[in-house]
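With these hints in hand, go ahead and build the complete structure from the sequences.
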Amino acid sequence: MRQALSQARYGIAAVVAVVALFAVGIATDPNLTFRIYYSMSFIVLAAIGLAIIFGIMGVINLAHGEFILVGAYATTLLAVQVGLPLPVAMLAGALVTAVFGIIVERVIISGFVINWISQRTVGRDIIKPFYDRLADSMVATFGLSLIMVQGARIVFGNSIDQIGVPFGSTSGYPDYRIALVGITAGVLVLVYLLFTQTTFGTRVRATMQDEETAKALGIDTERTYMLTFAIGSGLAGFTGALFAPLLSMQPSIGDQFLVEAFVAVVVGGASVVVGTSLSSLLLGPIDALFSDEFGEFAGRIALLVAAMLALRFLPGGITGVVDDLRDRLEGES
Amino acid sequence: MAADSSAADGTASPSPISRLRNRLEGPNTIGNSRRFWVGLALAVVALIAFPIVGGGTGNQFSLFLVLGLLGLSLSLVWGYAGILSFGQTVFFGVGAYTFGVVSINFPTPGGITGGVIAGTLAGAVVAALLGYFMFYGGVRDVYVTIITLVSTLVMLTFMAQTAGSEWTIGEAALGGFNGMPGMPLLNLGIEGIFTFQFVFNDLALYLPLVGPFEIDPFYYLSLTLLLAAYLGLRVLVNMDFGRVLVAIREDEDRTMMFGYDVKRAKLIAFTLGGGLAGLAGVLYAARNVYIDPSVFELYFATLPVVWISVGGRKSLLGAVAATISVEYLRLNIGGEMALVAVGALLLLSILVLPGGVVPWIDGRGLPWLKQDAIPWLRDDSIPWVKSKVGIAPESEATES
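Chains as they are written, first to last, in the working numbering: chain X, -13 to 319; chain E, 119 to 518.
Just so you know, these hints were derived from the structure itself, not from any lab.
Computed from a predicted structure; not experimentally measured.
Every residue gets a Cβ at the ideal spot worked out from N, C-alpha and C, and that includes glycine.
Certain hints may be false.
To be verified - Simulated coverage check for chain E against chain X, where a stretch passes if three residues somewhere in it have a Cβ under 8 Å from a Cβ of chain X: (1) 270 to 280; (2) 341 to 349; (3) 417 to 424; (4) 468 to 475.
As the list claims (entries may be wrong) - Across the chosen pairs, the derived CB separations fall in these ranges: (5) E/Ala462 <-> X/Thr182: 38 to 48 Å; (6) X/Asp118 <-> E/Ala462: 23 to 33 Å; (7) E/Thr342 <-> X/Lys201: 52 to 62 Å.
Said to hold, decoys possible - With a straight-line cut-off of 25 Å between C-alpha atoms, the simulated SDA-like cross-links for lysine to any residue are: (8) X/Lys114 <-> E/Arg367; (9) E/Lys381 <-> X/Asp118; (10) E/Lys381 <-> X/Asp122; (11) E/Lys381 <-> X/Ala292; (12) X/Lys114 <-> E/Glu368; (13) X/Lys114 <-> X/Ala202; (14) E/Lys381 <-> X/Ala121; (15) X/Lys114 <-> E/Val458; (16) X/Lys114 <-> E/Lys381; (17) E/Lys381 <-> X/Arg119; (18) X/Lys201 <-> X/Leu213; (19) X/Lys114 <-> E/Leu471; (20) X/Lys114 <-> X/Glu208; (21) X/Lys114 <-> E/Leu466; (22) E/Lys381 <-> X/Glu208; (23) X/Lys114 <-> E/Gly481; (24) X/Lys114 <-> E/Val470; (25) X/Lys114 <-> E/Trp478; (26) X/Lys114 <-> X/Ile103; (27) X/Lys114 <-> E/Glu370; (28) X/Lys114 <-> E/Val364; (29) X/Lys114 <-> E/Val353; (30) E/Lys381 <-> X/Phe299; (31) E/Lys381 <-> X/Leu213; (32) X/Lys114 <-> E/Asp259; (33) E/Lys381 <-> X/Val291; (34) E/Lys381 <-> X/Leu300; (35) E/Lys381 <-> E/Val353; (36) X/Lys114 <-> E/Leu469.
Following this line, the structure appears as structure tokens:
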């Protein structure tokens, strides 16, 4: 109980600090402040699906950008062709991607479907699951991403009609981007609650820490992995849905998220919510300031340099630092 | 290793061929038998004769040989040192651009030769810099992969915005997305002593039985370099250094505990791989007389990973064979299905044969390749290779 309270205390302190900085920023330079906060939410949204799948399953999903593509395309098609209201289309886009994620997990990542067939034809498994096989999972998901990008190009052509940007703008900055910042905060809170406050979250963390013991205690780890992958891909799809009105709908849309997503995961470390949100707090301003000052290229270079420095000096990522700090503070009190 | 000791105190005076084979063979490479070398010699003869017999000049096929060098560079870095790098094309592109800049500024045979060397060195230097910051910075495993992946995207963003006139080095404009045209033709040598133009210089020759035919010198240049790189890397990975690399691949911490300088070994392998990729880039640019930022695209960056995964990452031979066949396939399928085919091939190969095709074939031991099938190909029937019998067959690539 005491630990929970102290944890909540740090959380609240962090939120207060972010909000206070936001207020100060608005008062001094609203445009740059919006730019920084938008940059932070872009990084969080780009990374969160990847971070969940990487942190919990030990699978590096190089098709992450293409999961975003699925969400963006589904949303756009549902909104433009079918005529669903935008929020409904966005949720549907996320759902479509989650279902797609389950299929990918069952067929490729766990090999369940293929092994089910091969058990009945050849009489043995022909695929070893990709859990915790980092390099192999990268290669496999890259193959998947090639097929998906080119498949989207063959089916939908080089671009599809886009959704118009909703809302107007405040002091020269689009309202929709400001809304995105709020939605991002909401997503983070929901993911945090899901993984810390629910039975499912406990099962997931147990599976992540020690698969064998979790299995022995009666947790269906197969199912946990499948649902985790579904949640990760659903969030990637939701990211695509949210950015659908802002980006031109091309099959290569996923590439725009890759650098930010990977850098955020590298800098963040093992913990999904704390790591991703703190690394976005660090990387967002770097990206925004350098991009504003010297162009997009400088922003990316700065991100890369920041990632290298972070890896050099914080081997456990930001998560490692937070753990250290907490241990020290709690050890003293 | 047993092979070493038996080779050292075996026959009193090993013949030169035996000594050469001792250097080229070992547990780290596939093909440690007389039948393999006969097969390789046949393959090389076939490649030499291919343009003559098949018509044409081998001009198109030389592209595959150049990319074979790129494949070999990743085989060394990933297959032997265990560093999965998406950055080989960064070094490839840097080599190509360096060659372009140097050769445009010094369009004489000496300058162009210097460009080839500079391009190769530039690939190695960039790899060494990136590798130094990564390996000595404590970056390991999958994070190395991610950083190399990000670095190709950064290079793409960088080269794409170099369209302006401020991005001109001497006479050479980098040219943004439009690329860098107008490179001089690959004319190697030193003025006044000996020079030879390798591209767009089909030689008309005549052979008594074949009749007149034309050959493309560039094809034979790339074939020679590829063969040299293959044999050179075989020597390297069968040296003590190669054994250290394999040890790092299998268990990095344990190798460090044994007192090996893991970081230095990885840096050396990464630098060598970068140099080889740089050389491939130079040849690529020289062959096309043109280079553009598409070599830094994510798609191109992952092609080497595809080749190596399909061919078998722990096998240099697999790297070359798979590079040539996958590229041949990719260009011949063509059109919009090419990417889908490449993706499906990659997915299938990593799902079903995670070890790759060539080690799989080697592990199964095709019946007609069995040692006893053809008597004169049996190693133990040859006196000067008696000492090699001690080598254990490669059986670690067991499928499970």
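Hint by hint, here is what the structure shows:
Residues of the region 270 to 280 of chain E with a Cβ under 8 Å from some Cβ of chain X number 5, which satisfies the need for three, so the listed coverage holds. Evaluation of the coverage hint for the region 341 to 349 of chain E: breached, as 0 residues show C-beta separations to chain X shorter than 8 Å, against a requirement of three. For the region 417 to 424 of chain E, the stated coverage by chain X holds: 4 residues have a C-beta nearer than 8 Å to a C-beta of that chain, and at least 3 were required. Only residues whose beta carbon comes within less than 8 Å of a beta carbon in chain X count, and the region 468 to 475 of chain E has 4; three or more means the coverage holds.
The beta-carbon spacing between E/Ala462 and X/Thr182, approximately 40 Å, falls within the hinted interval of 38 to 48 Å. Roughly 25 Å separates the CB atoms of X/Asp118 and E/Ala462, a value that falls within the hinted 23 to 33 Å. The beta-carbon spacing between E/Thr342 and X/Lys201, approximately 57 Å, falls within the hinted interval of 52 to 62 Å. Our distance criterion of 25 Å between C-alpha atoms is met by X/Lys114 and E/Arg367, whose separation comes to about 20 Å.
Taken as a hint, the E/Lys381 and X/Asp118 pair is honoured in the structure, with Cα atoms around 24 Å apart against an allowance of 25 Å. A hinted pair counts as satisfied when its Cα atoms are at most 25 Å apart, and E/Lys381 with X/Asp122 qualifies at roughly 23 Å. A C-alpha spacing of about 22 Å is found between E/Lys381 and X/Ala292, which places the hinted pair at or below 25 Å, so the restraint holds. For the suggested pair X/Lys114 and E/Glu368, the alpha carbons sit about 19 Å apart, so the restraint of at most 25 Å is met.
Distance restraint check for X/Lys114 and X/Ala202: the Cα-Cα separation of roughly 21 Å lies within the 25 Å cut-off, and the hinted pair is therefore satisfied. For a cut-off of 25 Å, the pair hint linking E/Lys381 to X/Ala121 stands: about 20 Å separates their Cα positions. A C-alpha spacing of about 23 Å is found between X/Lys114 and E/Val458, which places the hinted pair at or below 25 Å, so the restraint holds. For the hint linking X/Lys114 to E/Lys381, the alpha-carbon distance of about 31 Å lies beyond 25 Å, and the restraint is violated.
Pair hint E/Lys381 plus X/Arg119 holds up; C-alpha atoms about 23 Å apart against a cutoff of 25 Å. Under the criterion of a C-alpha separation no larger than 25 Å, the hint pairing X/Lys201 with X/Leu213 is consistent with the structure, at around 16 Å. Pair hint X/Lys114 plus E/Leu471 holds up; C-alpha atoms about 10 Å apart against a cutoff of 25 Å. Only pairs whose Cα atoms come within 25 Å are accepted, and X/Lys114 paired with X/Glu208 is accepted, the gap being roughly 13 Å.
The hinted pair formed by X/Lys114 and E/Leu466 meets the criterion: a straight-line CA distance of about 13 Å does not exceed 25 Å. Note on E/Lys381 and X/Glu208: the hinted pairing is violated, with a Cα-Cα distance of about 38 Å set against a maximum of 25 Å. For the proposed pair X/Lys114 and E/Gly481, the alpha carbon gap of about 19 Å is at most 25 Å, so the pair holds. A C-alpha spacing of about 9 Å is found between X/Lys114 and E/Val470, which places the hinted pair at or below 25 Å, so the restraint holds.
Of the pairs offered as hints, the one joining X/Lys114 and E/Trp478 holds, with about 16 Å between alpha carbons and a cut-off of 25 Å not exceeded. Among the hinted pairs, X/Lys114 with X/Ile103 is consistent with the structure: their alpha-carbon atoms are about 14 Å apart, no more than 25 Å. Pair hint X/Lys114 plus E/Glu370 holds up; C-alpha atoms about 23 Å apart against a cutoff of 25 Å. Between X/Lys114 and E/Val364 the CA atoms are separated by roughly 23 Å; this keeps the pair inside 25 Å, and the hint holds.
Annotation: proposed proximity of X/Lys114 to E/Val353 is violated, straight-line Cα distance about 34 Å (limit 25 Å). Restraint check for E/Lys381 and X/Phe299: satisfied, since their Cα atoms lie roughly 17 Å apart, inside the 25 Å limit. The hinted pair formed by E/Lys381 and X/Leu213 fails the criterion: a straight-line CA distance of about 39 Å is larger than 25 Å. For the hint linking X/Lys114 to E/Asp259, the alpha-carbon distance of about 21 Å falls within 25 Å, and the restraint holds.
The straight-line distance between the Cα atoms of E/Lys381 and X/Val291 is roughly 20 Å, inside the 25 Å bound, and the hint therefore holds. At roughly 18 Å between alpha-carbon atoms, E/Lys381 and X/Leu300 fall within 25 Å of each other, so this suggested pair holds. With a CA separation close to 21 Å, the supplied pair E/Lys381 and E/Val353 stays within the 25 Å bound. Under the criterion of a C-alpha separation no larger than 25 Å, the hint pairing X/Lys114 with E/Leu469 is consistent with the structure, at around 8 Å.
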